[in-house]
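Peer 1: Protein chains in written order, with the working numbering: chain A, 890 to 985; chain B, 9 to 590.
If you are wondering where the hints come from, they were derived from the structure by calculation, not from laboratory data.
Check the hints yourself; a few may be wrong.
Derived BS3-like pairs: lysine-lysine, alpha-carbon spacing no greater than 27 angstroms straight-line [said to hold, decoys possible]:
hint, chain 1, residue 1, chain 2, residue 2
1, A, LYS917, B, LYS231
2, B, LYS375, B, LYS414
3, B, LYS169, B, LYS118
4, B, LYS68, A, LYS917
5, A, LYS917, B, LYS375
Short, incomplete list of chain B residues facing chain A, as computed with Cβ under 8 angstroms [stated by the list, open to error]:
hint, residue
6, MET100
7, ASP226
8, ALA229
Derived list of chain B stretches under chain A, where covered just means 3 residues or more per stretch with a C-beta under 8 angstroms from a C-beta of chain A [to be verified]:
hint, region
9, 84-97
10, 165-177
11, 240-250
12, 564-578
Bear in mind the structure is a predicted one, so any value in this text is a computation, not a measurement.
Heads up, the beta-carbon is just placed ideally off N, CA and C, and yes, glycines get one too.
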Amino acid sequence: MVRFNMILLMIVVLCALGVVTSQHRGRKLFQDLEGEQERARQLDIEFGQLQLEMSTWATHPRIEKIARERLRMVAPDALGRVLPPVAAPVKKKVVR
Amino acid sequence: MVVRRRAQRGHRFTESPVLQLALQGWRSRTVGLLLMLAFLALVGRGFYLQVINNDFLQEKGDSRYRRDIEVSASRGKITDRNGDMLAVSTPMKSVWAIPGDARTMPVEQKRQLATLLDMNPKELDSKIASDKTFVYVKRQVPPETADLIAALKLPGVHQEKEYRRYYPTGDMTAHIVGFTGVDDKGLEGVELAFQNSLLGHSGSRSVIKDRRGQIVEDVRALKPPMDGKDVRLAMDSKIQYLAYSHLKAAIETNNAKAGGAIVIDARTGEILALANWPTYNPNNRQHLSGAQLRNRAITDTFEPGSVMKPFTAALALERGKVRFDTVINCAPGRLTIGSATISDAHPHGALTVAQVIQKSSNVGTVKMALEFPPKEMWEMFDSVGFGQAPNLGFPGEVNGRLRPWKNWRPIEQATMSYGHGIAISLVQLARAYTVFARDGELVPLSLVRLDETPVRGVRIFSPQTTREVRAMLEMAVQPEGTAPKARVPGYRVGGKTGTAYKVEGGVYARKYVASFVGLAPISDPRLVVAVMIDEPTGGAHYGGDVAGPAFSQIMGGALRTMGIPPDAPIKVAEATAGKGRL
Numbered sequence: 890m891v892r893f894n895m896i897l898l899m900i901v902v903l904c905a906l907g908v909v910t911s912q913h914r915g916r917k918l919f920q921d922l923e924g925e926q927e928r929a930r931q932l933d934i935e936f937g938q939l940q941l942e943m944s945t946w947a948t949h950p951r952i953e954k955i956a957r958e959r960l961r962m963v964a965p966d967a968l969g970r971v972l973p974p975v976a977a978p979v980k981k982k983v984v985r
Numbered sequence: 009m010v011v012r013r014r015a016q017r018g019h020r021f022t023e024s025p026v027l028q029l030a031l032q033g034w035r036s037r038t039v040g041l042l043l044m045l046a047f048l049a050l051v052g053r054g055f056y057l058q059v060i061n062n063d064f065l066q067e068k069g070d071s072r073y074r075r076d077i078e079v080s081a082s083r084g085k086i087t088d089r090n091g092d093m094l095a096v097s098t099p100m101k102s103v104w105a106i107p108g109d110a111r112t113m114p115v116e117q118k119r120q121l122a123t124l125l126d127m128n129p130k131e132l133d134s135k136i137a138s139d140k141t142f143v144y145v146k147r148q149v150p151p152e153t154a155d156l157i158a159a160l161k162l163p164g165v166h167q168e169k170e171y172r173r174y175y176p177t178g179d180m181t182a183h184i185v186g187f188t189g190v191d192d193k194g195l196e197g198v199e200l201a202f203q204n205s206l207l208g209h210s211g212s213r214s215v216i217k218d219r220r221g222q223i224v225e226d227v228r229a230l231k232p233p234m235d236g237k238d239v240r241l242a243m244d245s246k247i248q249y250l251a252y253s254h255l256k257a258a259i260e261t262n263n264a265k266a267g268g269a270i271v272i273d274a275r276t277g278e279i280l281a282l283a284n285w286p287t288y289n290p291n292n293r294q295h296l297s298g299a300q301l302r303n304r305a306i307t308d309t310f311e312p313g314s315v316m317k318p319f320t321a322a323l324a325l326e327r328g329k330v331r332f333d334t335v336i337n338c339a340p341g342r343l344t345i346g347s348a349t350i351s352d353a354h355p356h357g358a359l360t361v362a363q364v365i366q367k368s369s370n371v372g373t374v375k376m377a378l379e380f381p382p383k384e385m386w387e388m389f390d391s392v393g394f395g396q397a398p399n400l401g402f403p404g405e406v407n408g409r410l411r412p413w414k415n416w417r418p419i420e421q422a423t424m425s426y427g428h429g430i431a432i433s434l435v436q437l438a439r440a441y442t443v444f445a446r447d448g449e450l451v452p453l454s455l456v457r458l459d460e461t462p463v464r465g466v467r468i469f470s471p472q473t474t475r476e477v478r479a480m481l482e483m484a485v486q487p488e489g490t491a492p493k494a495r496v497p498g499y500r501v502g503g504k505t506g507t508a509y510k511v512e513g514g515v516y517a518r519k520y521v522a523s524f525v526g527l528a529p530i531s532d533p534r535l536v537v538a539v540m541i542d543e544p545t546g547g548a549h550y551g552g553d554v555a556g557p558a559f560s561q562i563m564g565g566a567l568r569t570m571g572i573p574p575d576a577p578i579k580v581a582e583a584t585a586g587k588g589r590l
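Take the sequences, apply the hints, and build the full model.
Peer 2: Written as structure tokens, this is what we have:
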């Protein structure tokens with residue numbers, strides 16, 4: 890009887906230690922997860938800022954200005970535009 | 009004897025004489041009872057703490073290590089139909105202070121803070137001299153600056169997360185996109201119209217923090233954060249740019265006060281572009297005037313003038329009162345109704361119905377209009393959407409003015425047939441023209457991109473009538489018509505000019521509104537473009553000369569942007585005339 894009680898006590902102590910370690914490990918992992926989620930948020934914010942920057946650089950007035958003034962480009966007149974011959978199934982998409 | 013007893017004690021413990029002493033029974037019972045009472049007291053205390061007082065104690069315990077934290081959600085983006093950004097939120101910080109604590113800051117630190125915030129040190133002093141318990145030192149501070157400030161560890165200076173809205177396309181799309189206030193609330197345009205879906209709802213969650221303030225466990229999510237939904241407009245930013253830049257050019261050439269332009273996809277009713285002038289930069293709204301903020305195309309009405317004539321002609325064709333080639337005598341270019349006289353800008357002789365539209369004869373139109381009872385004409389105007397808001401969900405949409413037919417006098421019915429005595433907005437006008445582009449159907453307009461096509465409309469005129477009206481509209485841009493400058497090389501286009509006197513203080517002033525509404529390609533109309541120029545003072549004031557060239561540029565550019573194949577041969581003279589902007 891005494892020996893059986895001792896074994897039970899041992900098991901209880903082991904279980905208790907197990908609970909403590911797994912709790913600890915759980916919290917560690919949770920902190921890592923938190924960290925990664927924070928990083929994801931930061932990256933998301935950065936992505937938004939980069940998108941914003943890209944669209945600011947790519948505004949149509951700016952593109953037109955550079956094309957005309959720096960690169961000396963001109964829009965072709967109607968005669969300068971050639972349409973590809975339309976294939977049999979009429980697909981109404983031409984060069985953009 | 010002694011020895012023997014010892015020996016005996018060693019063997020028989022129970023025979024110890026001490027134990028053999030008889031104790032009084034009450035003594036043991038008293039001890040037992042006392043122990044029992046002590047135990048009961050413990051149980052009672054345990055019950056009190058664990059059961060009766062549990063909630064209070066639990067709360068106290070939680071408050072030591074549990075925290076409810078807010079999870080912020082961002083406002084939805086606004087993009088054009090191809091996903092180009094029109095409005096984006098990015099996080100910013102607001103720097104606030106508890107003045108009582110902040111006043112203890114050393115002068116050196118105050119100077120540093122003022123430099124970082126790009127503020128005058130005096131301004132900073134006056135802010136923290138306040139006797140309130142909370143003042144914003146500066147809002148919308150870039151995160152990098154905010155980090156530098158946080159590193160200074162200033163007394164009484166705190167930070168809070170907030171968002172700032174950016175509009176990369178700026179003044180080009182200002183009227184349609186609108187803007188938000190500092191607290192992320194839509195104040196104008198789509199930002200206001202779609203406030204409910206754009207708005208993010210921040211959530212909160214309950215967590216356990218350790219003594220270093222790090223989150224170690226999630227207890228539960230109290231409320232999940234809901235990011236605002238993105239709104240994808242029907243607008244195509246390329247076409248918007250075309251509309252905006254050509255409208256601006258037309259206003260500058262004609263030295264006009266204001267103007268508006270709209271491009272509508274006739275198949276779906278989507279608004280591909282909507283531009284106004286004057287405009288403003290939504291990223292910097294410091295010196296805004298009411299005139300800049302006005303979204304004229306939607307919120308202002310004007311007397312449209314001759315652009316209404318095709319509706320009168322269509323009604324006459326539909327009811328069988330006239331045919332395409334019925335001859336109407338428009339000589340001598342004047343017509344007297346009651347005490348008023350209606351006259352043509354240029355007197356004409358006998359004209360066919362088609363020529364009445366082509367040459368924009370008031371007399372011819374009035375003769376057609378007087379064939380109808382007022383009710384029939386009112387019903388037609390009403391059915392194409394005049395006198396009722398276009399239902400875009402846009403703030404400040406106007407109904408326009410279409411008076412009830414019961415008190416129309418004949419002269420009023422006559423002037424309404426050519427667009428005076430009736431007031432509409434540019435968006436209503438453009439929408440009404442989709443009837444001619446869609447074989448007689450009127451579609452609801454949409455600010456947002458629609459994915460299901462085709463859109464069903466309400467039938468107003470028969471396909472036969474609209475084909476004839478389209479032929480008339482095409483004649484109007486021929487050299488004999490009122491708007492040869494509205495032609496687009498390579499495409500068959502059609503449209504109608506409008507030149508209306510402005511009403512000021514109830515009388516017609518010598519100020520004009522020049523407009524042009526048209527559709528293309530005539531063989532299978534896809535686009536409706538409406539251009540309105542307010543008070544041109546550069547010499548020309550006729551719709552064909554003022555708004556026609558802008559229409560031609562916008563329509564031509566939009567057709568090419570959308571990849572719609574040309575339906576007319578290109579003539580050399582025309583081709584070089586169209587040379588210029590994109």
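Peer 1: For the region 564-578 of chain B, count the residues whose Cβ lies under 8 angstroms from any Cβ of chain A; is that count three or more?
Peer 2: holds (count 7)
Peer 1: Hint check: is the beta carbon of B:ASP226 less than 8 angstroms from a beta carbon of chain A?
Peer 2: holds, 7 angstroms
Peer 1: Check whether the Cα positions of B:LYS375 and B:LYS414 lie no farther apart than 27 angstroms.
Peer 2: holds, 20 angstroms
Peer 1: Holds or violated: are the alpha carbons of B:LYS68 and A:LYS917 at most 27 angstroms from each other?
Peer 2: This hinted pair holds, its Cα atoms lying about 26 angstroms apart.
Peer 1: When I compare C-beta atoms, does the region 165-177 of chain B have three or more residues closer than 8 angstroms to chain A?
Peer 2: holds (count 3)
Peer 1: For the pair supplied as a hint, A:LYS917 and B:LYS375, is the alpha-carbon distance within the 27 angstroms limit?
Peer 2: Distance of about 88 angstroms is beyond 27 angstroms: violated.
Peer 1: Answer holds if the nearest beta-carbon of chain A is closer than 8 angstroms to that of B:MET100; otherwise answer violated.
Peer 2: Violated: closest Cβ of chain A sits about 11 angstroms from B:MET100, beyond 8 angstroms.
Peer 1: Tell me if the straight-line CA distance from B:LYS169 to B:LYS118 falls inside 27 angstroms.
Peer 2: holds, 22 angstroms
Peer 1: Given the hint that A:LYS917 pairs with B:LYS231, test it: the Cα-Cα distance must not exceed 27 angstroms.
Peer 2: Measuring from Cα to Cα gives roughly 25 angstroms; hence the hint holds.
Peer 1: For the region 240-250 of chain B, does the count of residues with a C-beta closer than 8 angstroms to a C-beta of chain A reach 3?
Peer 2: holds (count 3)
Peer 1: Is the shortest C-beta separation between B:ALA229 and chain A less than 8 angstroms?
Peer 2: violated, 13 angstroms
Peer 1: Go check the region 84-97 of chain B versus chain A for me, would you? Three or more residues, Cβ under 8 angstroms, otherwise it fails.
Peer 2: Per the Cβ count (4), the hint holds.
Going down the numbered hints, you'll see the structure goes against 5, 6, 8, while the others check out.
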